[in-house]
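Okay, here's what each chain looks like letter by letter:
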Amino acid sequence: MTALVDPPVTEFEDNDQKPMGHGRMLRKEDPRFIRGRGHYVDDLQLKGMLHLAILRSPMAHGRIVSVDISAASAHPKVKLVVTGAMLAEQGLAWMPTLSNDVQAVLATDKVRFQGQEVAFVVAEDRYSARDALELIDVEYEQLEAVVDVRKALDPSAPIIRDDLDGKADNHCFDWQTGDEAATEAVFASADVVVSQDIVYPRVHPAPMETCGAVADYDGIEGKLTLYSTTQAPHAHRTLYAIVAGLPEHKIRIVAGDIGGGFGNKVPIYPGYVCAIVGSLLTGKPVKWVEDRSENLISTGFARDYIMRGEIAATKEGKILAIRTNVLADHGAFNGTAAPVKYPAGFFGVFTGSYDIQAAFCKMTAVYTNKAPGGVAYACSFRITEAVYLVERIVACLADELNMDPVELRIKNFIQPEQFPYTTKTGWVYDSGDYEPTMREAMRIAGYDELRREQAEKRERGELMGIGVAFFTEAVGAGPRKDMDILGLGMADGCELRIHPTGKAVVRVSCMSQGQGHETTFAQIIAEEIGIPPADIQVVNGDTDQTPFGLGTYGSRSTPVSGAAAALVARKVRDKAQIIASGMLEVSVVDLEWDKGSFRVKGDPTKSVTIQEIAMRAHGAGDLPQGVEGGLEAQICYNPENLTYPHGAYICVVDIDPGTAQVKVRRFIAVDDCGTRINPMIIEGQVHGGLTDGVGMALMEMIAFDEDGNCLGGSLMDYLIPTALEVPDWETGFTVTPSPHHPIGAKGVGESATVGSPPAVVNAVIDALKPFGVRHADMPLTPSRVWDAMNGNAKPPI
Amino acid sequence: MQVSMTVNGEEFTREIEGRLLLVHFLRDHLGLTGTHWGCDTSNCGTCVVWLDGEPVKSCTVLAAMAGGHEVRTVEGLEQGGQLDPIQQGFMACHGLQCGFCTPGMLMTTRALLDRDPNPSESDIREAISGQICRCTGYATIVRSVQWAAAEQAGTRTSVVTGSPS
Chain A
26 MTALVDPPVT
36 EFEDNDQKPM
46 GHGRMLRKED
56 PRFIRGRGHY
66 VDDLQLKGML
76 HLAILRSPMA
86 HGRIVSVDIS
96 AASAHPKVKL
106 VVTGAMLAEQ
116 GLAWMPTLSN
126 DVQAVLATDK
136 VRFQGQEVAF
146 VVAEDRYSAR
156 DALELIDVEY
166 EQLEAVVDVR
176 KALDPSAPII
186 RDDLDGKADN
196 HCFDWQTGDE
206 AATEAVFASA
216 DVVVSQDIVY
226 PRVHPAPMET
236 CGAVADYDGI
246 EGKLTLYSTT
256 QAPHAHRTLY
266 AIVAGLPEHK
276 IRIVAGDIGG
286 GFGNKVPIYP
296 GYVCAIVGSL
306 LTGKPVKWVE
316 DRSENLISTG
326 FARDYIMRGE
336 IAATKEGKIL
346 AIRTNVLADH
356 GAFNGTAAPV
366 KYPAGFFGVF
376 TGSYDIQAAF
386 CKMTAVYTNK
396 APGGVAYACS
406 FRITEAVYLV
416 ERIVACLADE
426 LNMDPVELRI
436 KNFIQPEQFP
446 YTTKTGWVYD
456 SGDYEPTMRE
466 AMRIAGYDEL
476 RREQAEKRER
486 GELMGIGVAF
496 FTEAVGAGPR
506 KDMDILGLGM
516 ADGCELRIHP
526 TGKAVVRVSC
536 MSQGQGHETT
546 FAQIIAEEIG
556 IPPADIQVVN
566 GDTDQTPFGL
576 GTYGSRSTPV
586 SGAAAALVAR
596 KVRDKAQIIA
606 SGMLEVSVVD
616 LEWDKGSFRV
626 KGDPTKSVTI
636 QEIAMRAHGA
646 GDLPQGVEGG
656 LEAQICYNPE
666 NLTYPHGAYI
676 CVVDIDPGTA
686 QVKVRRFIAV
696 DDCGTRINPM
706 IIEGQVHGGL
716 TDGVGMALME
726 MIAFDEDGNC
736 LGGSLMDYLI
746 PTALEVPDWE
756 TGFTVTPSPH
766 HPIGAKGVGE
776 SATVGSPPAV
786 VNAVIDALKP
796 FGVRHADMPL
806 TPSRVWDAMN
816 GNAKPPI
Chain B
219 MQVSMTVNGE
229 EFTREIEGRL
239 LLVHFLRDHL
249 GLTGTHWGCD
259 TSNCGTCVVW
269 LDGEPVKSCT
279 VLAAMAGGHE
289 VRTVEGLEQG
299 GQLDPIQQGF
309 MACHGLQCGF
319 CTPGMLMTTR
329 ALLDRDPNPS
339 ESDIREAISG
349 QICRCTGYAT
359 IVRSVQWAAA
369 EQAGTRTSVV
379 TGSPS
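From first to last, the protein sequence lines stand for chains A and B.
Quick note on the numbering used here: the first sequence kicks off at 26 and runs consecutively.
Quick note on the numbering used here: the second sequence kicks off at 219 and runs consecutively.
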């Protein structure tokens, strides 16, 4: 099934020739972006608009003794000051999180993390709102903070969530998967067992545009319009209806252009609710846009898993079982965005791409005095953590067995004939053909030559490392029988209308944050119905204009909404075929589709184009019996299964032995995301994810001091890769279509973020082999690499 | 206080507070929202504009400091309905995704090409190293600038967008 295809070598001139469907095509959204004419939320200027700023907690844990807003309220430009106590009177002080926990909109009793929302001000302008925050006098009684996740369950630990009835500890949830006894039996009799403590530290998606909203409540119509940075407009609308008690048909969410999301813009944040309250109370549009520090310290973080990985194998290198124990830091509120039945997201795919006999995972999640979140940063619902665990522990096993890491992986891959393959934790991998993907990466890398170079350099005392990672993702959530978020099934609607002149509008429920949906979805429709992409308008992000669906995250746009788009186009095409049969006066079965027209079988001179059919569908004259006028359709697609993209990554690093600075010299990524719709966009998605991975592996970490003060609250402290830290990416691909997706596509938005961190870390550890280093945790900053070289590798938390 | 400056060739005079940042002056007072606000600490570069021909981070320049000077923003790149080659290059080479960092990247790289019409890859990476893009991984931005350089020089014949492999 896998086809090895040479990467398309396309000249720019070719890009201007718009394909009729799948293929490299320039993006429809770019003409506005390169002119500075995007429509981001902070660009909105509504008549009479006021500005909102939020007062945040200076400490990680404290009791609110008093809040004095008199001076702030007296500020001449201030229109409104609201505290938690005032919200509590309206029953709005708390809101549900996406994980059935609650989170304070504004703190009433205690503050539970540094940066938590305490009060807000609405003023005439941005600066005055900020000024007035300084005038609010809050008296706190500081409490001991729970910062060290390993001590969160100590009997002596202060209780964070005393807002919850009867809560007497900081336990959040327990979760397990796999067969404990069977796994133990395999481990007990295995030739080789390797164990490793592995930390995936807290990181942050930090999209270039921070979160924000403009709430505009029309008191006469009783209608709220909320322009906001949301990756899931429809889900947000329903949740606002529930939280604020507003009728859902009187709520319109407009997402506009979003300046990057990466999961950061999935949750509902207190700031959005504050903006709504501000507009309800003032009767004016209210804008809230957080600054960078607010974004980093208070919005959805990612990872924060402390893992112990164990792997059992024969001495010949056949992997038998994988076991892990995880301590998960969920912060002060469980704000994880994941399907309800999956509190650990899709971490259950920690068995990776390997055919093994047994697996088991036990997880304990706890509350700490840190910002809530947990599932963000292009993680595919915790698959980043799962893939990092398995690919690090497999690398440790290769080291233990003194086997080449590629050879070990190939020896243990699930074989193509085993698909659909049910893992020992119950995931049904839809399709895959792993070895050709691995070999393609080796070919591009020149793997054997790299190993020779490394051997020579080791002789000379130079530190060169080659890291390998192979991943299988589970994306496209998901089948509604298993997956919902707060009771909302994860199916996606799509609506397609063909206008009389043959131009089309497709309305999708998912929401681009830069992925290029206006282009990709036009191409999907074009491929199915033969209307050029230039003639297809894609509408997303406005709940009054698009059908219901759960939004864009977890790489689900193409697997779910993309399937919906293909199927709605086929539904329209079926109707077009009936109309064509009337126009050509033949039976429906005597027609064949020729991308853009129906023609009579055996008589190519008799045909009608989709544009001619569209005019007939809306025009005068009879239609075949029982056929309504018009040419449009709507569907809701419920995925049969997740899709399972895979990929093979090879990273080459050089480490300066004098400074311990890691330089990523080369990075080869071969991705298999099934059918490829727009290779240019796919390559862009991969490049971005690889950069994330290098950042997490080498630079990024949200750290805290012992009092719970966030040490990563600005881009001076939270380091993100620039053009100098990353190489020119080398990409390739294989194609193993998904058997259940209508066009065989699998999703690619997060593959590289998932697959690249272990490749980089494995490369660094490989380079440090002469020092006897088997593991060092991210972020592999010069000081941490230096420590590892000197036998002092320490976990970052 | 009153401030007057030339923005994209047009003279503007406004009554402002002395503390007003140039980025907010451009966005909120002149409605030129192409220039973005991303970090407050001069790290991200979404706010880069030209001040008398030099790229500056407008989140750390007071509007008052630009008084009497010439400012150029992304809205001023297109001339007489003709896109600047750097704008064309970013479109042609997928040098942008979400578009948020793009205006700053365009202003910085336009300045680079004015200074050095044929920059090397490392020159380009160095030039944009004060700016952050979370989407593209920078390689396509480098290619975009190379495309624009070749376009300007009239040497663009067969620049390849595909993987180098």
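Quick caveat, the hints were computed from the structure, so don't treat them as lab data.
Model, not experiment: these values are computed from the prediction.
Among the clues, some could well be false.
[What the hints assert, rightly or not] Distance ranges between label pairs, derived from CB positions:
(1) B/Gly285 x A/Met741: 20 to 30 Å
(2) A/Asp243 x B/Thr231: 33 to 43 Å
(3) A/Glu653 x B/Arg232: 41 to 51 Å
[To be verified] Rough simulated footprint, nothing fancy, chain B against chain A, three-plus residues with beta-carbon under 8 Å:
(4) 66–75
(5) 492–504
[Said to hold, decoys possible] Listed below are several chain B residues computed to face chain A (Cβ distance under 8 Å; list not exhaustive):
(6) Gly256
(7) Met283
(8) His287
(9) Thr291
(10) Glu296
(11) Gln315
(12) Gly317
(13) Leu324
In this text, a Cβ means the ideal position worked out from N, Cα and C, and glycines have one as well.
Hints versus structure:
Look at B/Gly285 against A/Met741: about 29 Å separates their beta carbons, and that is inside 20 to 30 Å. Distance hint check: the CB atoms of A/Asp243 and B/Thr231 are about 35 Å apart, consistent with the given range 33 to 43 Å. Roughly 58 Å separates the CB atoms of A/Glu653 and B/Arg232, a value that falls outside the hinted 41 to 51 Å. With 3 residues bearing a CB less than 8 Å from a CB of chain B, the region 66–75 of chain A meets the requirement of three and the coverage assertion stands.
For the region 492–504 of chain A, the proposed coverage by chain B is not satisfied: 0 residues have a C-beta within less than 8 Å of a C-beta in that chain, short of the threshold of three. The interface hint given for B/Gly256 is met, as the beta carbon of that residue sits about 5 Å from the closest beta carbon of chain A, less than 8 Å. The interface hint given for B/Met283 is violated, since its Cβ lies 17 Å from the closest Cβ of chain A, which is over the 8 Å cut-off. The restraint placing B/His287 at the interface with chain A is violated, with a minimum CB-CB distance near 20 Å, outside the 8 Å limit.
Checking B/Thr291 against chain A: minimum C-beta separation of about 7 Å stays under 8 Å; hint holds. Taking 8 Å as the C-beta contact cut-off toward chain A, the hint placing B/Glu296 at the interface holds, the least distance being around 6 Å. For B/Gln315, the interface hint holds, the least distance from its beta-carbon to any beta-carbon of chain A being 4 Å, beneath 8 Å. Annotation: interface hint on B/Gly317 holds; nearest CB of chain A at approximately 3 Å, less than 8 Å.
Because the smallest distance between the Cβ of B/Leu324 and any Cβ of chain A comes to about 7 Å, under 8 Å, the interface hint for this residue holds.
Hint compliance for this structure: hints 3, 5, 7, 8 are not met, and every other hint is.
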